[in-house]
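Novice: Protein chains in written order, with the working numbering: chain A, 147 to 542; chain B, -11 to 320.
Since the hints were made in silico from the structure, they are not lab data.
Keep in mind that this is a model prediction, so the values were computed, not measured.
All C-beta atoms in this analysis are idealised placements derived from N, C-alpha and C, irrespective of residue type, glycine included.
Heads up, some of the hints might be wrong.
Claimed, not checked - One-sided excerpt, in silico: chain B residues whose CB lies under 8 Å from chain A:
1. 44
2. 124
3. 127
4. 249
What the hints assert, rightly or not - Here are the simulated lysine-lysine pairs, DSS-like style, with alpha carbons at most 30 Å apart:
5. A:270 to B:64
6. B:173 to B:132
7. B:129 to A:167
8. B:64 to B:132
9. A:167 to B:201
10. B:53 to B:64
11. B:173 to A:270
12. B:201 to B:297
13. B:163 to A:270
14. B:163 to B:126
15. B:173 to B:64
16. B:163 to B:173
17. B:132 to A:270
18. B:201 to B:64
19. B:129 to B:53
20. A:167 to B:64
21. B:53 to B:297
22. B:132 to B:163
23. B:173 to B:129
24. B:201 to B:129
25. A:270 to A:397
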Amino acid sequence: MIARQTLAIFLDGYRELNARKLFWIAIILSGLVVVSFALIGSRDGNLSIAMWRTPLPLAALGFTTETLYKLLFIQFGVGFWLAWVSTILALVTTSGMIPEFVAGGAIDLTLSKPIGRVRLFLTKYAAALLFVALQVTTFTAACFVVLGLRGGSWEPGLFLAIPIMIAFFSFLYCVSALVGLLTRSTIAALILALLFWFMLFIFNTADAGLALQTSLAQQRAHRAEQRVQAIEASLADRQDQSGEGIVNRIKSSVAEGVDNDRLQRAIDIRESADEDVLALERWHNRILTAKAVFPKTNETIALLRRSLISAAELDDIYGANSAFQQEQFEAHVPEDRREQLEEHESWADPEQQSRAARQTEAEFRSRSVPWVLGTSLGFEAVILAICCWIFARRDF
Amino acid sequence: MPSEDQLVIDIDAVSKTYGGGVRALRDVELRVHPGEVFGLLGPNGAGKSTLVKILMTIVRPSDCKGRMFGAPIGDKAALSRVGYLPEHLRFPDYLTGEQVVDHFGAMAGVPRAARRRRSAELLETVGMLDWRDTRVGKYSKGMKQRLGVAQSLINDPDLVLLDEPTDGVDPLGRKEIRDIIARMKDNGKTVFVNSHLLSELELICERVAIMVKGEVVQQGAIEDLTEASRRYEFRVSVGENQDENALIAQAIDLNDGSIEYTPGVVRTTVSDVHAIQPMIDALRARGVTIHAIRPTRSSLEDLFMSAVKDGGGNPGGVRNKRSRKTRKGAGR
Ligand SMILES: Nc1ncnc2c1ncn2[C@@H]1O[C@H](COP(=O)(O)OP(=O)(O)OP(=O)(O)O)[C@@H](O)[C@H]1O
Ligand SMILES: [Mg+2]
């Protein structure tokens, strides 16, 4: 009986999706994304699109074809296509499901069946996740084949994207369901879910931005400290070596004056960088506290990257990338300009930037899976409990 | 099948006050026997649908003492034996007629094979077989209603609750729905119909309850209810230069509450044929000519009208009905 009813609700959910154009549009777009992946490849160490070889040196950037495909899948396929475009399409399509489900005249018959209200609501909710489940499953399966054929690696880990994306979507959809249940309005359900998502986006952006800036400020402080020590050492040297003779003495006192100026600037930079670090950390902690109760959408999606790209691969990519950029930088910026640039407080060279990014990613990776999923699912459970409570007590 | 002596619906007291403070039902008492066609009638807003929705667990009662199939009202398991046609029915537009019947059959727990077989049968019965592969969004109102009747029977229920089944259905369809109800009764099923189409209920129901402003004011077999209003009517005349009024007053006691007199017509609310024999004798003895004696009884419509009129000012006051009328008659 339970299985029969559950099946009926899912079948109904599928038919509802099937009747909507947007569902098929999303599937077709998914197909296009997969095709464009298949066109990308590497030829003689460079990135190639279809038959054209681009000047982008993949190998020099630390990519193998396999990591290229995995990163394309993670960053573009999941990170952009599924987590943004497809999610918007999914919200637009499914936000109406709960309001229509509870509309007068439509809900009566369903409620008159031998099925408890809580189970009925939860099953309907699960059926509404079908859109994303079908989308991400077809997309992942297609990408799996492309990665196997073109990247030469059959990576079953890709399928982790399915539970991750369903979980990610459900974190947003539970809000839509609650609003839809309360207001019985599709528009309200959609808009509030989007606003909620936007709020999470702000939190996530602030979190990532602050982490990066903190790391940069730490490096700035560190470098300034190194400079201070270097200049102090050279000052001490100079005092020892300052020889006889008026010319020499003038020379060395001029040099000493210049060094003293440099020393002062380096100390100033170090102090302001230390202050920055403190202020940034304070803000970062505030954001993390605020984030604690909300779903961790970014971290959830990043779980895929965490599991598919190992720390060693990351080091390769970041290392090669920063070496490449540093090379370019050194080739184009003369040595004597560099310290000037360094003293510029908000400036960081490619190597520093790359190291900061690596460190930020390491910090995100250190957030434990139970914390990421536990708090997110906890939030969803609370929202669903409220929904069930409302649904079970309402007179229709 | 319910055992013969067990009531299908046995409500002692159900009350419902909606969120806005609307008292839709007040201490409703209702009994439906197995195998009968029961009609619940009442004016708009009387609370008929509310009562049915409480039985169907769609609305939660404020207070409820009652049972359906022996289980307390609100028990979900009992619902698998029930078919339901809601009022203002709306099906999902994207389903075809057959899918609708199949979906709600599955929700009622009917196995797949049985659903297959019965859905074609039922669609045939309501005359919708040709439309089974068309999406419900394209149906007319009456077609949706017919489909609604079909889906209410998919689980071969022992009890069907039909909330205004003929709403929007053409005369032919009404006849068909009446036939379906009759057939269900023949098969020993119980049918509960909500309606304000009295002529229709009169045709199909054995027992009715009249609900006014959330209270059941009358309940019983149509026979019995109208029995109370059974009376005899005498068409009379007297000789040329005789005073009809005086003669009749001599023959029978006009102050007796059970008698009403207007020139040419004597009405008595006595319903026993033996009880009127002395009256005939008395009238004849005074030389009153009796042209005809007719038994009359009020129709369901009269019953309904008076119940509603009285209930309107004073809910539950229907039992005062006769005495008030009598007082009026006595005053003449
Ligand atoms: N969901 C609701 N919330 C608040 N009040 C309601 C609700 N449903 C019905 N009512 C009120 O309860 C009363 C009874 O309504 P109900 O629908 O039961 O009447 P009805 O007898 O079925 O009328 P009709 O013959 O028009 O179908 C009405 O006054 C109505 O306004
Ligand atoms: Mg009604």
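Novice: Now look at each hint and say whether the structure bears it out.
Specialist: Structure-based check of all given hints:
no.	hint	in the structure
1	44	holds (4 Å)
2	124	violated (11 Å)
3	127	violated (14 Å)
4	249	violated (53 Å)
5	A:270 to B:64	holds (18 Å)
6	B:173 to B:132	holds (23 Å)
7	B:129 to A:167	holds (26 Å)
8	B:64 to B:132	holds (26 Å)
9	A:167 to B:201	violated (47 Å)
10	B:53 to B:64	holds (16 Å)
11	B:173 to A:270	violated (36 Å)
12	B:201 to B:297	holds (11 Å)
13	B:163 to A:270	violated (38 Å)
14	B:163 to B:126	holds (24 Å)
15	B:173 to B:64	holds (24 Å)
16	B:163 to B:173	holds (15 Å)
17	B:132 to A:270	holds (24 Å)
18	B:201 to B:64	holds (28 Å)
19	B:129 to B:53	violated (36 Å)
20	A:167 to B:64	violated (37 Å)
21	B:53 to B:297	holds (29 Å)
22	B:132 to B:163	holds (16 Å)
23	B:173 to B:129	holds (26 Å)
24	B:201 to B:129	holds (29 Å)
25	A:270 to A:397	violated (84 Å)
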